[in-house]
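**Q** Residue-level listing of the chains:
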Amino acid sequence: MLTVTVRDLQYRYRRFLIGVLITALVFGVAFIFDGVKNAVRNEATRIVDVFGADAWVVTADSPGSFLSTKVVPASLSQQVASSPGVERAAPVILGRTTLPLHSPLDVNLVGYVPRDLGAPPVTEGREVRRPGEMVVGSGVDLDVGDRLDLSGVRVRVVGRADGLRFLFGTPTVFVSLQDAQAMQFDGQPLATAVPVVGKPQSLPPGLVARSGPAAVSDLRRVIKGGIDTIDFVSLLMWLTTVGIIGSVIYLAALERTRDFAVLGAIGVPRRQVVGGLVLEALFLAVLSAVLALPISYFVSLGLVFPAEVGATEVFRLFAVAIVVGLLASLAAVRKAFTADPALAFQGA
Amino acid sequence: MPFITVRDLTIEYSSGGYAVRPIDKLNLDLQSGELVLLLGASGSGKTTLLSAFASLLTPESGTIQVGDLDVTSLRGKERVRYRRDGVGIVFQAFNLVPSLTARENVMVPLRGARRTRSTARRRAEELLAMVDLGERARHRPADLSGGEQQRVAIARALALDPPLVLADEPTAHLDYVQVDSVLHILRELAQPGRAVIVATHDERLLPLADRIVELTPRAPGEARPPERVLLEPGEVLFRQGDPGELVYVVESGAIEIVRERADGAEELLDVVEPSGYFGELAPMFGLRRSATARAGAERTVLIGMTLREFRAQRAEAAPTS
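Taken in order, these protein sequences are the chains called A and B. Residue numbers for the first sequence follow our numbering, so the first one is 1 and each next one is one higher. Residue numbers for the second sequence follow our numbering, so the first one is 1 and each next one is one higher.
There could be a bad hint or two in this list.
What the hints assert, rightly or not - Partial chain A-side listing against chain B, Cβ under 10 Å, derived:
hint, residue
1, ASP8
2, ALA319
3, THR338
4, ASP340
Unchecked claim - Covered stretches of chain B (chain A as the covering partner; in silico rule of three or more C-beta atoms under 8 Å from a C-beta of chain A):
hint, stretch
5, 12 to 20
6, 104 to 112
7, 224 to 231
Hints were generated in silico from the structure; no laboratory data involved. Note that the Cβ used here is the ideal one computed from N, Cα and C, for glycine as well.
Given only the sequences and the hints, what does the whole structure look like? Please build it.
**A** So, in structure tokens, the structure goes:
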């Protein structure tokens, strides 16, 4: 019965082609959504990794570690550094600011002690060595050598780093701890956290150590709503593809009701007829998935930050396509199952 | 021993909520090698009977025996196997799969029966050559004439060399040029080991037939004197689905005309009182009775007469100017 399936696909190719193109577009967008979700999940790990910390010391009443709204005296880092089990500790400020560009740009601000924990991997120029210098991550339209006033502090771009976005693709700038204190706390010697290398055995009163994974979770908690929305929209898009392919196959099945009846009347087993329909739906869904890959590339060109797709996402796309194909064939299969072979005797 | 035996076959179905019984206690014996015509008007049950031969419907009662096989008792896979191997069907509307070529259409039952592609292809080409369509094997139905499509349908019906070939109005969509070749092929199919049953109302097929089974009761052509009928209260004159020959005029009492519903209930359509008449449509159009007639609560006297007699009496009774 493979011949019947192939010939039917050829016979109704215009309709199937339209269905495949629309489905491929939806698949492509959903695929990119998957990539965006990966990107915003992975960015949390990447930015936390920049600090190379085993633990994050924050105030005990702070709800999170990476995005703590509580502050500690920066000098506490010295006590932390001398705590048993701690190899290295340095104060950092993790906050947000706005770059006064042609169009104001909201960015994440990282203040760190130059040459200590929190120095980003620079791909152009050099890292921050002293106050008045800044390294910018992807998404900030500044070149090495550019100068600007940032919250009352005059800084010069000395380096650029790739990526390092976080909080749903927001770009990041890195300045010295001293500049960050000036920008965020009017120059008060405060910090939002103290990343440490090693395992603190005891800490000064009122401080707790949270793990690196807890810092990642802290970041992901903030973007959970966005991720859930992406998941929900993705689900709707997958369901839409079920609807598109299902409609195309079902319309074909409606037109073929007489054929199903005739095939039943001449003794073709029903499972062969039904198998052909399922095969058609699967073929359309998988073909749509194949076309979705180049489409997703063009869709991704319009994104503010790159989607991250790999073999896992491609595999998932085809797995979803197979499920979509199977679900999409259900209505048509039912039609084929219920076609009464006696219908074949009805006149033209 | 007959090749096909039909005993007390009754087929009933629901139409518009009413029970219709186009085949009622049919008995038939058909021999191998015969070409049998089922002749009758539309609605006389020709196609219904073919469907029963093809095991596409289950009769209300009775049996159809093809060779050693009781077709009416088949279910599930046995039924599918019988349709595939035991019977070939030529449909009125050809019913070829439009997306397939002529050859692929003939290959469908062969592939359904798990023949290899090359075997199926070879057999399809043989059959298409037999119906003189060897050169048109790669054409789709839309590119073939009605006669050619019907010949492809015949080739498909013969794909698995079935012992029984059924053809439903095979000439209905053909012009007189196309009819000739289709009839010729159908006649040749009836050979020892195979019976061909053709349902038709096309009387051009009569000379081809070895046997003719008339499913429409024909009104007797010869004159027949009116007959007086006496019915006791509640006694049935005729039942819905019976053949109809006479028109009845009520002399005394009353006749209830009731229609049997599919759910077994009865619906009273009319009560015919003295000097009223009923039952003229069945003999006029060669139909079966569409309702049951029975006496009312008292003894009823009727006069039954042929349609011709009835018309003559009505003409006499009509006022002249």
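**Q** Please flag the earlier hints that this structure goes against, numbers listed from lowest up.
**A** 2, 3, 5, 7
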